[in-house]
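Student: Keeping their order, the protein sequence lines are chains F and E.
Numbering (this note's numbering) for the first sequence: 6 to 503.
Numbering (this note's numbering) for the second sequence: 150 to 778.
No wet-lab data here; the hints were simulated from the structure.
Take the hints with a grain of salt, since some may be wrong.
Said to hold, decoys possible - Away from chain E, derived, C-beta distances all over 10 Å, residues of chain F: (1) Y67; (2) L325; (3) M375.
As the list claims (entries may be wrong) - Some, not all, of what chain E presents toward chain F, calculated at C-beta under 10 Å: (4) P543; (5) K547; (6) E603; (7) L691; (8) Y773.
The beta-carbon is built from N, C-alpha and C at its ideal position, and this holds for glycine as well.
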Amino acid sequence: MTKDDGEMVEEQKKKPCRFWIWALSSVLFRLILISYAGNLNLSSRPEVSTPLTSIRRLAEGYWLKQASMSPYAGSMYHGSPLLLSLLGPLTVQRLVAETSSNDLKLCFNLVEFKKEDTLDVSGSKGNQVTSFADILSAILLRGIGKKLQMAYGLNARLLGLLKSPRDKGILPCGDIAALVYLWNPFTIVCCVGLSTSPIENLAVILALNGAVTRRVPLAAFGLVMATHLSLYPAILTIPVIFLLGYGLDAPPLKLFLQTRNVESGNRSSTSSASKQAKSKPTAQLPFLWKTVVHFVFWALVWSLCVMVLCRLSLSKHGGLEEMFKRTYGFILSIEDLSPNIGVFWYFFAEVFDFFRNFFLIVFHVNILFMLLPLAIRLKHRPCFLAFIYLAISSLLKSYPSVGDSALYLSLWALFVNELADMKFSFFLFCGYLGVSLLSPVMHNLWIWRGTGNANFYFGNAIGYACFQIVFVVESVSAMLNHDRALKKCNPNHQKVKN
Amino acid sequence: MARTVIPLLILQSFLLAIAFGSNEVEEEFSESLLLKPLPDRKVLAHFHFENRAPPSNSHGRHHHLFPKAISQLVQKFRVKEMELSFTQGRWNHEHWGGSDTLSSMNAKPVGVELWAVFDVPRSEVDTSWKNLTHALSGLFCASINFLESSTSYAAPTWGFGRSSDKLRYGSLPREAVCTENLTPWLKLLPCRDKDGISALMNRPSVYRGFYHSQRLHLSMVDSGMLLEQSLTVVLQPDTVYDGKDLQPSWSLSSLFGRKVVGKCVLAKSSNVYLQMEGLAHPEAHTLLKNEEFELSIKPDRTLRETSSVLFIFDIDKSSDSEPFDLSLTWKLPSKWSCQQAPLHASRFLMGSGNERGAIAILLKATESQDKLSGKDITNGGHCRVKANVFQIFPWYVKVYYHTLQIFVDQQQNTSSEVLKKINVSPSADKMSSGMMEMMLELPCEVKSVAISIEYDKGFLHIDEYPPDANQGFDIPSALISFPDHHASLDFKEELSTLPLLSKFKDKSLVRSYTEVLLVPLTTPDFSMPYNVITITCTVFALYFGSLLNALRRRIGEEERFLKSKGKKTGGLKQLLSRFTAKIRGRPVESPSSEPTAAAQSSVLSSKLLFKIILVAGVAAAWQYFSTDK
């Protein structure tokens with residue numbers, strides 16, 4: 006253990022400087038972009054701001070609340086009332102008593118006037134919040150990555166795959182994931198475009214970090230907040246419980262048992278994983294019920310807190326029932342048909358009314374159907390399971406944005422060691438690049454120029470969905486192949502020993 | 150004619166007296182026509198018919214003159230007040246007047262506008278409104294029933310100028326108004342268009358005009374029901390341009406192609422008025438013999454008002470042989486301007502593209518001389534003009550109320566300075582339309598006020614688009630009213646006997662409607678539903694299938710299976726070879742593998758058999774249970 010720590014510290018000593026330089030430069034890059042935010046006009050891009058994450062809708066909700074109306078009056082705001090109290094004050098326009106010296110073309114300059122005002126004033130403060138959320142997520146991701154990296158090194162040594170004392174072959178996946186998150190154009194766009202998805206992502210990463218570092222209250226808080234903000238992270242309950250119950254990602258237990266049989270227990274117990282593997286000769290990993298019960302307790306406490314706070318802030322405007330109807334109900338019933346990078350908007354704009362409910366059920370159940378098979382097959386890798394769940398939910402979400410892709414792409418980078426020989430990675434990279442370049446073009450052709458029609462943009466969305474599907478399927482099969490490869494390595498190892 | 154009419158009238162009044170008792174208030178009908186030359190060489194004709202009925206309980210359900218259809222409406226839906234207008238064309242506030250009674254009452258938004266106040270409990274107002282729209286739709290041959298859906302009407306609180314929580318307001322800007330709406334409207338008149346003033350309504354000449362607005366106003370007053378029907382037409386007299394700047398001369402027959410031959414016998418009074426504005430010498434003695442213009446018929450009375458002169462003609466004297474054909478001949482060029490509202494309102498869209506935009510309402514100060522008359526000195530000595538803005542937004546125009554900005558004299562203004570009161574009810578998608586009421590208080594010396602508000606364009610389901618989806622969608626007119634300004638004609642003589650004049654004497658709110666806006670919305674591809682459904686479902690099938698396949702694949706077992714297959718050289722192949730061998734009658738070449746293959750095939754067949762039985766059982770059970778019900 007001490008040896009491992011020493012190695013890690015040594016490893017870290019080299020990297021941190023470079024990591025922090027890159028992280029700070031990403032923040033600087035954001036700040037530079039923010040000063041051009043008015044020209045980029047990112048906050049109204051359909052890729053960035055969905056009806057759920059749009060800052061303009063949040064500002065409208067805040068305005069309505071200030072005017073002592075329900076923030077959910079009208080169909081503008083569909084987010085959490087807590088987010089409203091947190092971000093709302095930042096969106097208020099300070100009316101600068103600027104005097105337009107040139108007294109001409111009043112009317113046709115109104116729009117330009119306004120844009121500058123809103124984005125200048127609300128932009129700077131809001132961007133600080135989103136940038137802060139981003140950097141915090143990156144740090145938490147780094148924490149997850151370090152734990153995963155340690156676990157990977159440990160397991161590899163336990164299985165005898167890694168003979169050298171210093172794990173040179175292991176990539177620092179925490180740093181990579183954090184930098185992928187910070188430098189992902191999707192994240193940057195979301196941050197500068199002032200959508201609320203950085204905050205949702207932060208909550209998800211908080212939950213994972215808490216589970217990985219076994220801080221149960223933190224995990225529960227992150228999960229409850231993430232679920233409160235965007236519903237879909239509720240499915241992360243399964244991986245978080247696995248993480249708390251079984252521990253970190255590890256190769257299948259069978260391998261350890263085999264190794265133990267071969268090496269006939271002549272090694273002292275060094276780690277918890279090996280301890281578990283050794284103390285129980287049965288093929289059952291101990292499930293830490295106590296921690297899980299602890300987690301459930303904290304989750305209940307936090308959700309009670311959230312409910313009470315929401316209740317208080319909405320006490321005059323319909324209370325919790327209204328909130329659930331306007332947030333979760335809005336997510337589940339796909340009422341808003343404005344275009345986004347998903348496929349549901351066009352599907353439900355075109356589908357016959359008679360079948361609408363049927364397809365709503367089918368598409369939402371599609372997420373749930375896959376939970377169980379994945380959980381059975383990947384229960385030894387709960388972090389990876391969480392990543393796959395997030396990828397699936399961002400694929401089948403009713404209002405997806407690029408912020409969701411930013412999250413699962415950076416989580417993907419946590420598994421660079423395991424997924425090193427993933428197929429189609431270059432193809433997927435080109436696909437993502439192509440889609441993200443084509444999407445604004447198609448949108449422009451359809452909405453602004455009127456030379457294209459909706460099918461252009463929908464085709465793009467279909468392409469994006471296909472790439473995501475290939476990505477998910479390939480990640481899963483690469484991970485399963487990795488486990489198989491371990492299994493294959495192991496008998497060889499065994500033979501050599503014999 | 151006159152000889153036959155008088156005995157008839159006597160008989161009638163006699164019958165009435167028998168029927169209702171002599172001291173009862175009788176139903177009354179009166180007709181009048183107001184003619185007014187407009188500064189831009191046009192002529193305004195305003196037909197006004199008034200029908201009074203005593204409270205319905207005094208007569209039961211019988212009516213003598215009052216239209217039964219309307220009284221049934223009142224009884225059934227408990228309408229307290231209602232106004233329905235059909236309009237085509239836009240009222241020109243600059244040339245036709247903005248602050249006189251005529252324009253504030255009769256300048257209506259394009260299409261159909263309906264508002265009604267009900268006398269029912271608040272919870273039943275909406276159902277009453279819905280039923281009323283259907284009834285009116287049938288009555289007037291118009292698609293007023295579209296106002297039934299909650300996305301097309303609103304409940305104004307104070308911005309409409311009438312504060313009642315039982316008021317509903319809706320308008321249909323796209324409704325085409327034509328003769329099929331006029332005919333049922335005329336049916337409500339006792340004489341229809343057969344006799345009296347309404348005989349002038351020759352359809353081609355009425356609909357040839359620049360503006361026509363047919364209005365029906367029903368109100369419950371102390372003395373019963375009051376039904377006012379008015380038709381306002383702006384016509385262009387046919388003239389040849391003679392080089393001089395003379396106003397066109399006209400006569401009733403040249404304007405309408407018809408003449409008035411006697412009054413409607415059922416009418417209590419039947420008058421024609423001629424209102425002349427901006428006369429050089431509005432003294433009474435110069436009026437009748439002047440060098441400016443000449444009238445063909447000598448007016449029965451002349452009334453003077455502050456800025457105009459009113460000539461009153463009785464048409465009782467006209468007959469078949471001597472029809473009433475008033476004509477006006479100008480002799481000298483004459484120029485005048487109309488009274489304007491304190492601010493002239495216009496509205497437009499800003500932005501391009503189909504994603505978002507902004508609506509701007511521009512209020513420009515007019516050259517109105519009587520702006521000061523409506524000023525409110527109470528406010529610390531500052532002269533202030535109050536303006537109420539009332540605006541309905543359909544739900545597919547998703548307005549961001551927090552982007553509301555007010556520019557006073559091209560400078561952005563903090564809202565609290567000029568915006569005294571605002572009431573907003575945001576629109577809910579596919580549920581209700583949005584409404585915005587604002588009260589502005591502006592300094593009198595203001596030159597222009599611009600109000601802008603941003604919106605996102607909604608995306609609709611394909612069934613929600615009208616057949617001509619690419620034409621765009623209409624945003625109903627905004628209503629700008631000036632609560633401190635009241636339009637009324639101030640006659641020096643006391644004349645309350647004539648219904649139109651007593652109406653003009655009443656103070657009415659100065660109001661003006663803005664343009665209807667046409668918002669183009671993005672359309673999906675209407676021919677795509679099947680393609681979209683199949684493509685999307687294919688993509689999700691791909692997801693489900695490939696992921697499940699990746700999960701259940703076990704490469705180790707597959708390899709083992711392949712190896713064992715390699716040993717056996719394939720079961721199917723062997724079977725085939727056995728078959729061929731049997732057919733040929735030769736012994737099988739590899740008898741060693743026969744028993745295993747047979748065993749396998751038997752296992753296979755038993756499994757297959759089991760599956761088939763299972764499926765059949767399920768099918769039978771399903772059939773049984775489904776037919777049972």
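Student: Out of the numbered hints, which ones does the structure contradict?
Tutor: 1, 3, 4, 8
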